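Student: Here is how the chains run, residue by residue.
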Amino acid sequence: MKGKPTLVLQVPSETRFLVLIRDVAKKMAEAAGFDEPTAGKVALAVDEATTNVIEHAYHGASGKVVEVRIEDRDSELCVDVIDTGDMVNPRTLPRVDLERYASERRTGGLGVHLMEKIMDSVTFRRSARRNVCCLVKRKH
Amino acid sequence: MSELVVDTRDFQDIRLLYPKGFINAHTVRVFEGELQRTVQDGLFKIVVNCSGLSYIASAGLGAIMGSIEELRSNGGDLRLANLNETVANIFEILGFNHLYRIFPSESEAIESFLSGSPSL
Numbered sequence: 001m002k003g004k005p006t007l008v009l010q011v012p013s014e015t016r017f018l019v020l021i022r023d024v025a026k027k028m029a030e031a032a033g034f035d036e037p038t039a040g041k042v043a044l045a046v047d048e049a050t051t052n053v054i055e056h057a058y059h060g061a062s063g064k065v066v067e068v069r070i071e072d073r074d075s076e077l078c079v080d081v082i083d084t085g086d087m088v089n090p091r092t093l094p095r096v097d098l099e100r101y102a103s104e105r106r107t108g109g110l111g112v113h114l115m116e117k118i119m120d121s122v123t124f125r126r127s128a129r130r131n132v133c134c135l136v137k138r139k140h
Numbered sequence: 141m142s143e144l145v146v147d148t149r150d151f152q153d154i155r156l157l158y159p160k161g162f163i164n165a166h167t168v169r170v171f172e173g174e175l176q177r178t179v180q181d182g183l184f185k186i187v188v189n190c191s192g193l194s195y196i197a198s199a200g201l202g203a204i205m206g207s208i209e210e211l212r213s214n215g216g217d218l219r220l221a222n223l224n225e226t227v228a229n230i231f232e233i234l235g236f237n238h239l240y241r242i243f244p245s246e247s248e249a250i251e252s253f254l255s256g257s258p259s260l
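So the sequences go chain by chain: Y and E. Everything in the first sequence is counted per the working numbering, starting at 1 for the first residue and increasing by one. Everything in the second sequence is counted per the working numbering, starting at 141 for the first residue and increasing by one.
Don't take every hint at face value.
In the DMTMM-like style, the derived pairs of lysine to aspartate or glutamate whose C-alpha atoms are separated by at most 25 Å in a straight line are [what the hints assert, rightly or not]:
1. LYS139(Y) <-> GLU143(E)
2. LYS160(E) <-> GLU14(Y)
3. LYS64(Y) <-> GLU143(E)
4. LYS27(Y) <-> ASP72(Y)
5. LYS117(Y) <-> ASP23(Y)
Hints are computed from structural coordinates only; laboratory data are not their basis. Every value quoted in this text rests on a predicted model; they were computed, and no experiment measured them.
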């Protein structure tokens, strides 16, 4: 069998489950060989992706499902965060300019910026009526 | 155990905030509430002592950004102290260390206000 088993987590679309997703993602990243600080950052990126789903794809509705798939590949850790909500393409958002951001008193949009800073790759796709945010962190 | 509690203390016209736990999209309202209460109390100088903060997500950073303009336009600022490695790292990743003054200790952050040291 190539690779290792994939962990699949399905949780209700409620922010109180973010800590659970974060804890699982961190443990999986550590098990994949990342050091503790890097595993913490990967977990934060997963937290941010899940928060985006709850707030933007599901608009805060709590009766939906967020699926998180974590796969330890040979050379990288891949995390898919999947929802069946509205299609939201964060790529269409203007790039975050921190100086302007502060002066305009904006308080959203930082999550994608943070995900991109932490991970090696962040992609969004729509497949079979599902939105998939794919986060990849290379091991070397 | 609560996921976030924020204790407060005043020193002269400086409000000291002690978040204990983590700040993410679930807990951010507690933190935001304390920031708003500080402004409502007429205080615009804030030191956030992060010694009890295990991590902060973008929701918490957004809350800081959302309050900073009002604090600074009233002669105040929000300054941070005692960041652990995880939290410091997140601030650096986003370049917040260029927007906010960060001190190794609470006393140094307080002293910066008392000496009239300007914001960034």
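Student: Check each numbered hint from earlier against the structure, then list the numbers of those it violates in ascending order.
Tutor: Number 1 - this is the single hint that the structure violates.
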